[in-house]
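A.B. asks: One-letter residues, chain by chain:
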Amino acid sequence: AQSVTQLGSHVSVSEGALVLLRCNYSSSVPPYLFWYVQYPNQGLQLLLKYTTGATLVKGINGFEAEFKKSETSFHLTKPSAHMSDAAEYFCAVSDDEGGADGLTFGKGTHLIIQP
Amino acid sequence: DVKVTQSSRYLVKRTGEKVFLECVQDMDHENMFWYRQDPGLGLRLIYFSYDVKMKEKGDIPEGYSVSREKKERFSLILESASTNQTSMYLCASNTGGLLYEQYFGPGTRLTVT
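Top line first, the protein sequences correspond to chains A and B.
Residue numbers for the first sequence follow the numbering used here, so the first one is 537 and each next one is one higher.
Residue numbers for the second sequence follow the numbering used here, so the first one is 1246 and each next one is one higher.
Treat each hint with caution, since some may be false.
As the list claims (entries may be wrong) - Derived pair list, reagent style DSS-like, types lysine-lysine, alpha-carbon separation capped at 30 Å:
#	chain 1	residue 1	chain 2	residue 2
1	A	Lys643	B	Lys1258
2	A	Lys605	A	Lys594
3	B	Lys1315	B	Lys1300
4	B	Lys1316	B	Lys1258
5	B	Lys1263	A	Lys604
6	B	Lys1300	B	Lys1258
7	B	Lys1300	B	Lys1263
8	B	Lys1302	A	Lys643
9	B	Lys1298	B	Lys1248
10	B	Lys1298	A	Lys594
11	A	Lys643	B	Lys1248
12	B	Lys1298	B	Lys1258
13	B	Lys1263	B	Lys1298
14	B	Lys1263	A	Lys594
Note that these hints are calculated values from the structure, not bench results.
For clarity, every value in this text was computed on a predicted model and none was experimentally measured.
In isolation and in its complexed conformation, chain A is listed as follows (with noise of 0.2 Å):
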């Protein structure tokens, strides 16, 4: 069975600081990982993606995270925070390669950005 730890259910930072959201993760196989945002009132939207290929994956909204295979570990980051990027963050992870078992998602990360 795989699952999703999040360090920390709330996050504050600055706004024009690093952003670093934690995920870790297991897997049996070679996992696929995932970060979504979601917007207060809204669904989720996907802000990047691991598949294979390089380690290091880029987003949107200048997001960015790094697949660390010997650490289990899927972090999410931004070098400087907007007042936009306030919301929730779940990773989630899957072992299926063909797209149809579903995702197991972390608890969340709620992102708060002081002015």
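Knowing the structure of chain A, use the given hints to seat chain B on it.
C.D. replies: Same frame as chain A, but now just chain B:
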């Protein structure tokens, strides 16, 4: 532009009622999913379907059933609603393979009183 729509944004039902949540996607996706989202628990998979008339249980199927009579439509059914089913319900769809992104609808916030 890809689109997943859900029939209601907000729904209030009484305990014991039969509840239908509808989801429609316009992307010709094979796979469709129903998740439940609760604060502090993230998203949990209820049911999914990889083809018309096919369904598979997810992690928390108890108290729910689903129906997929057409490729574009996936319905979640609460046979007898209970207060512990008060939650946000999210529908998603994707096509197979490494393309893989799941597209989500806006969600239905269901309150059972």
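A.B. asks: Give a verdict on every hint.
C.D. replies: A quick look at each hint next to the structure:
{"no.": "1", "hint": "A:Lys643 to B:Lys1258", "verdict": "holds, 27 Å"}
{"no.": "2", "hint": "A:Lys605 to A:Lys594", "verdict": "holds, 17 Å"}
{"no.": "3", "hint": "B:Lys1315 to B:Lys1300", "verdict": "holds, 13 Å"}
{"no.": "4", "hint": "B:Lys1316 to B:Lys1258", "verdict": "holds, 28 Å"}
{"no.": "5", "hint": "B:Lys1263 to A:Lys604", "verdict": "violated, 46 Å"}
{"no.": "6", "hint": "B:Lys1300 to B:Lys1258", "verdict": "holds, 25 Å"}
{"no.": "7", "hint": "B:Lys1300 to B:Lys1263", "verdict": "holds, 20 Å"}
{"no.": "8", "hint": "B:Lys1302 to A:Lys643", "verdict": "holds, 20 Å"}
{"no.": "9", "hint": "B:Lys1298 to B:Lys1248", "verdict": "holds, 22 Å"}
{"no.": "10", "hint": "B:Lys1298 to A:Lys594", "verdict": "violated, 37 Å"}
{"no.": "11", "hint": "A:Lys643 to B:Lys1248", "verdict": "holds, 25 Å"}
{"no.": "12", "hint": "B:Lys1298 to B:Lys1258", "verdict": "holds, 27 Å"}
{"no.": "13", "hint": "B:Lys1263 to B:Lys1298", "verdict": "holds, 21 Å"}
{"no.": "14", "hint": "B:Lys1263 to A:Lys594", "verdict": "violated, 44 Å"}
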